[in-house]
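Undergrad: Those sequence lines, one after another, are chains A and B.
In terms of full-length UniProt numbering, the first sequence opens at residue 1 and continues consecutively.
In terms of full-length UniProt numbering, the second sequence opens at residue 1 and continues consecutively.
The hints are simulated quantities; they were obtained by calculation from the structure and are not laboratory data.
From the three backbone atoms N, C-alpha and C, an ideal C-beta is built for every residue, glycine too.
Honestly, I wouldn't trust all of these hints.
[Said to hold, decoys possible] Pair ranges (Cβ atoms, derived):
hint, chain 1, residue 1, chain 2, residue 2, range
1, A, D251, B, G82, 47 to 57 angstroms
2, A, V319, B, A109, 43 to 53 angstroms
3, B, E209, A, T98, 23 to 33 angstroms
4, B, V248, A, G172, 32 to 42 angstroms
[Said to hold, decoys possible] Rough simulated footprint, nothing fancy, chain B against chain A, three-plus residues with beta-carbon under 8 angstroms:
hint, stretch
5, 103–109
6, 260–272
2 protein chains.
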Amino acid sequence: MANTKAYAATSPTSGLAPYSFNRRELRPDDVRIEIDYCGVCHTDIHFVENDWGMSEYPVVPGHEIIGRVTAVGPEVTSHKVGDLVGVGCMVDSCRTCTACESGLEQYCAEGMTGTYNGVDRHDGSITFGGYSTQVVVSDRFVVRVPEKLDPAAAAPILCAGITTYSPLRHFGVGKGHKVGVIGMGGLGHMGVKFAKALGAEVTIFTRSESKVGEAKKQGADHVVISTDDDQMEAVADTFDFMLDTVPVQHDINPYLNCLKFDGTHILVGLLEPIEPTIQAAQLVGKRRALAGSLIGGMPETQEVLDFCAEHGISCDIEVLDIRNINEAYERMKKGDVKYRFVIDTKTLRDS
Amino acid sequence: MANTKAYAATSPTSGLAPYSFNRRELRPDDVRIEIDYCGVCHTDIHFVENDWGMSEYPVVPGHEIIGRVTAVGPEVTSHKVGDLVGVGCMVDSCRTCTACESGLEQYCAEGMTGTYNGVDRHDGSITFGGYSTQVVVSDRFVVRVPEKLDPAAAAPILCAGITTYSPLRHFGVGKGHKVGVIGMGGLGHMGVKFAKALGAEVTIFTRSESKVGEAKKQGADHVVISTDDDQMEAVADTFDFMLDTVPVQHDINPYLNCLKFDGTHILVGLLEPIEPTIQAAQLVGKRRALAGSLIGGMPETQEVLDFCAEHGISCDIEVLDIRNINEAYERMKKGDVKYRFVIDTKTLRDS
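Turn these sequences into a full structure, and let the hints steer you where they fit.
TA: Structure representation (structure tokens):
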């Protein structure tokens with residue numbers, strides 16, 4: 001691994017049998033899942049390399065999990081053995097706060113339990129993710145995967161997909177709206193597909209002229225080169241929404257300037273301090289808003305899978321042998337993936 | 001004047017007759033108003049002292065104007081001679097863009113024409129404001145003042161009032177909401193009155209223990225000392241809205257942390273770059289929004305005056321002799337006014 005402290009089921013050379021993880025005895029509401037595919041999210045790299053200083057090693061990343069139910073606890077009624085199911089970024093929450101009661105478990109007042117590097121609310125153990133052969137998860141946090149979907153390409157819907165779908169739905173994106181999508185990675189390309197499917201006119205903002213063709217291929221109606229001041233000025237005051245999927249610091253002011261009055265800039269990637277600083281007049285002068293959005297709640301995660309099945313949407317993926325995970329991380333750091341790596345966990349069983 | 005370049009009708013010692021301003025021939029849609037009162041806004045000081053580098057001297061400030069109609073152009077049907085009327089921050093706009101057609105002239109695509117230091121759209125002259133004995137304004141930008149209102153105390157409703165009322169209405173503040181009001185000046189104290197009248201539970205955030213009594217007197221249900229970390233932590237994740245009236249740079253992060261998930265922090269005072277920088281995770285992690293709002297459109301400016309008449313709301317004021325305007329500016333800079341100075345323009349006629 002890139003970081004020598006990180007090991008686990010991700011690495012066949014770690015000396016640790018992957019089967020020692022994710023095998024707790026079933027609780028009454030638990031679902032045991034044999035994992036078929038697991039998407040690789042940039043967050044995985046952050047945790048493996050402890051970029052946020054909060055990694056608990058060993059880290060077993062992976063929160064875009066697709067698999068089959070192999071066993072259920074006695075209280076489980078929503079899933080049965082053999083079902084194709086998914087697990088996303090959360091495996092638990094307090095379940096009683098206003099957010100949880102509204103099906104917005106990601107905003108749980110006590111904090112959601114992450115699929116990996118979280119703390120189990122029952123036994124205090126650290127949770128392990130989907131770079132594994134199986135996982136045991138409480139039924140509330142398991143979604144049904146429509147059989148119409150390709151299971152490998154469906155995996156990233158559970159993070160990259162829901163992360164872009166949820167704000168588009170929450171903020172009411174639809175016909176007649178102009179939506180800008182900033183960033184053309186795993187999240188961005190899903191954002192384009194969803195915004196189009198919801199009826200919006202979609203513009204991709206990219207820094208590079210070389211990506212124009214690819215942006216059009218993704219379904220964008222228009223492409224704006226964000227480094228070209230003339231192009232940016234030409235679209236000033238024209239967008240209802242900007243979906244900003246860029247996960248690192250960048251200047252938001254030029255994009256705020258592209259919003260109509262009452263327009264909303266939605267951050268889904270950036271979690272760091274916003275630098276350079278925002279011009280308050282950009283917000284006040286046009287009643288614009290800068291909002292954030294985090295993944296999506298469980299009902300909406302089910303909804304996005306059903307929406308994808310209905311609209312024939314899936315993620316563009318490159319299926320990965322677990323033995324190549326470190327190389328994949330290096331390629332992801334360079335933006336060299338179209339658009340998501342998905343681990344075929346058969347390769348984990350074989351290793 | 002504080003700035004020797006600034007003179008005009010504001011200063012009886014300027015050597016310039018005040019009557020030389022605001023006396024254009026009536027255009028067909030014009031209303032001539034004899035001014036009785038004009039509120040003193042902090043913006044006036046910024047223009048007089050050219051803080052924003054955009055002042056066109058001579059500056060005649062004043063955009064909280066109350067007076068009586070003395071003449072109308074042939075096309076005016078909404079106002080007649082003798083009516084008590086008001087003029088706020090705008091005197092014109094393009095009238096054809098989406099914003100103008102929606103009655104949101106303050107967000108005019110071409111930019112609104114300010115009541116002073118604006119450029120007249122017909123003859124290119126610089127507009128002059130309400131520190132004057134009269135003013136001529138197009139009927140669309142003249143509002144009716146209910147006779148129930150005290151005309152002096154109504155003046156600041158045209159800027160301080162509408163600036164706080166508009167976002168509270170736009171964002172749907174009402175019963176069951178918890179609203180925090182940051183800053184207890186001209187804007188803040190009006191924000192408290194409106195939020196209360198709309199049915200919200202209101203907390204004033206102030207830096208000083210000494211203002212607690214005054215905050216309660218203004219009708220706040222609770223007061224939080226914003227410099228007390230324990231008090232701030234105790235109200236974390238509890239507010240639906242924060243109405244931020246502070247007109248200078250300040251740390252917004254501690255206030256964002258006070259918002260519930262889906263809460264909105266509304267800037268109405270700050271127009272400078274937002275420093276220190278915002279933590280994006282504060283927005284993303286709870287789907288919070290940071291929004292701005294600028295005064296209000298003409299229909300809403302009429303609405304707020306009617307709302308004030310209905311709910312018995314007016315601004316707390318100190319009536320001012322124009323001869324004391326410079327002393328008033330100095331007191332305003334120290335925050336030494338409860339809560340708005342209003343010029344009695346009789347003193348201008350007498351001077």
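Undergrad: Are the hints correct? Go through all of them and say.
TA: The hints, checked one at a time:
no.: 1; hint: A:D251 / B:G82: 47 to 57 angstroms; result: holds (54 angstroms)
no.: 2; hint: A:V319 / B:A109: 43 to 53 angstroms; result: holds (49 angstroms)
no.: 3; hint: B:E209 / A:T98: 23 to 33 angstroms; result: holds (32 angstroms)
no.: 4; hint: B:V248 / A:G172: 32 to 42 angstroms; result: holds (34 angstroms)
no.: 5; hint: 103–109; result: holds (count 3)
no.: 6; hint: 260–272; result: holds (count 9)
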